[in-house]
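Trainee: Heads up: the protein sequence lines correspond to chains E and F, in order.
What the first sequence shows, in our numbering, is residues 1 to 209, in sequence order.
What the second sequence shows, in our numbering, is residues 1 to 127, in sequence order.
Where hints are given, some of them may not hold.
Below, simulated BS3-like cross-link-like pairs (lysine-lysine); rule was C-alpha separation at most 25 Å, straight line [said to hold, decoys possible]:
#: 1; chain 1: E; residue 1: 102; chain 2: F; residue 2: 11
#: 2; chain 1: F; residue 1: 47; chain 2: E; residue 2: 57
#: 3; chain 1: E; residue 1: 147; chain 2: E; residue 2: 102
#: 4; chain 1: F; residue 1: 105; chain 2: F; residue 2: 47
#: 5; chain 1: F; residue 1: 98; chain 2: E; residue 2: 57
#: 6; chain 1: E; residue 1: 147; chain 2: F; residue 2: 47
#: 7; chain 1: E; residue 1: 102; chain 2: F; residue 2: 98
#: 8; chain 1: E; residue 1: 57; chain 2: E; residue 2: 102
#: 9; chain 1: F; residue 1: 11; chain 2: E; residue 2: 147
Cβ-Cβ distance ranges computed for the label pairs, FRET-style [stated by the list, open to error]:
#: 10; chain 1: F; residue 1: 112; chain 2: E; residue 2: 56; range: 34 to 40 Å
#: 11; chain 1: E; residue 1: 70; chain 2: F; residue 2: 122; range: 38 to 44 Å
#: 12; chain 1: E; residue 1: 162; chain 2: F; residue 2: 54; range: 43 to 49 Å
#: 13; chain 1: E; residue 1: 29; chain 2: F; residue 2: 85; range: 46 to 52 Å
#: 14; chain 1: F; residue 1: 2; chain 2: E; residue 2: 35; range: 38 to 44 Å
#: 15; chain 1: F; residue 1: 117; chain 2: E; residue 2: 204; range: 24 to 30 Å
#: 16; chain 1: E; residue 1: 34; chain 2: F; residue 2: 48; range: 44 to 50 Å
#: 17; chain 1: F; residue 1: 48; chain 2: E; residue 2: 118; range: 53 to 59 Å
#: 18; chain 1: E; residue 1: 10; chain 2: F; residue 2: 107; range: 50 to 56 Å
#: 19; chain 1: E; residue 1: 66; chain 2: F; residue 2: 19; range: 52 to 58 Å
#: 20; chain 1: E; residue 1: 176; chain 2: F; residue 2: 19; range: 45 to 51 Å
By construction, these hints were calculated from the structure, which means they are not laboratory data.
The beta-carbon is built from N, C-alpha and C at its ideal position, and this holds for glycine as well.
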Amino acid sequence: MLKNSISRPVLRNLGVTDYLSTWRAMQEFTSSRNTDTSDEIWITEHLPVYTLGLNRKGVSLPLRSDIPLVETDRGGKITYHGPGQVVVYLLLDLNRLNLAVKHLTQCIENTVVEVLKIHQVEAALIEGAPGVYVGKKKIASLGLRVKGGCSYHGFSLNVDMDLSPFSSIDPCGFNGLEVTQLRNLGVSVATDEVSTQLAHLCERQISFA
Amino acid sequence: MTYPTECHYHKEHTWLILQPNEEALIGITFFAQDTLGDIVELGGPPKGSMVSYGVSCGTVESRKTVSDLISPVTGVVLEVNEGLRSEPFMLNDDPYGKGWIARIKLSNPSEVAMLMSAEEYRTNIGD
């Protein structure tokens, strides 16, 4: 099938949501979709939450009791979400897009690198450590689930948030990994502006992958 | 791309090789490991569990992505490949050999007729 015969993904901005209800909505969407269902890209910011992926090997749990921890079903280890961080969820029929899982993660990383470039931030990818880094500090994380050839979950980019909850965890299982955000790099930008750029560039990455 | 002719293939990219005594080995195909990329963890079916044709019996985690492992057959897990616990990359390096996932006692050996030959599977994935 020609890629340009597939309708463009539907873009939904959910605003600020709690993690559990958005996760359930993604599962619901994915389990009820059929071969005619349009792909969707969801944008949100979550209320403070730690999420733990299925790969729990060697993960140390956070000591903070004021932030809930959710055991979720994505790839990757532990991370933190909170207001001021843009979260992009990709609900895509990978078979229809003829997109291999390994290429989807590359599309995500390329998208973040491109968006950072718009804001004059030079980012890098680190071999063996998925995500996007500025210097040695992590600025974006990803984690996906594929069921029946369709993806859910996605990626997050730190824009203007309280980073202190990250210090209670080893993000993605890497000991002592530091995180950063756009504000700390001298970029003052609204999360809405960044999320729109991420969604549009991601859509382009996917359709030309 | 390699697809041994002694394997029977499920459309969800798993294979089965018949063994004596109505047993079979199962695993993932070359296509599966190639599209997933480097596999870091297998959440395979535990020994003694029941697996069902076309139903998820575990998960495979590649770079930051968890995918379902679909059983190509119905039966009971007699043995699991313990080597994959420390060497999950064998699923990439040797998907039909050292990357075998489980040995199954088949509940209904005639079910194997529903699986594809290597040639049919190659056509199915557009190889």
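Trainee: Tell me, which hint numbers fail for this structure?
Mentor: Violated: hints 13, 14, 15, 16, 18.
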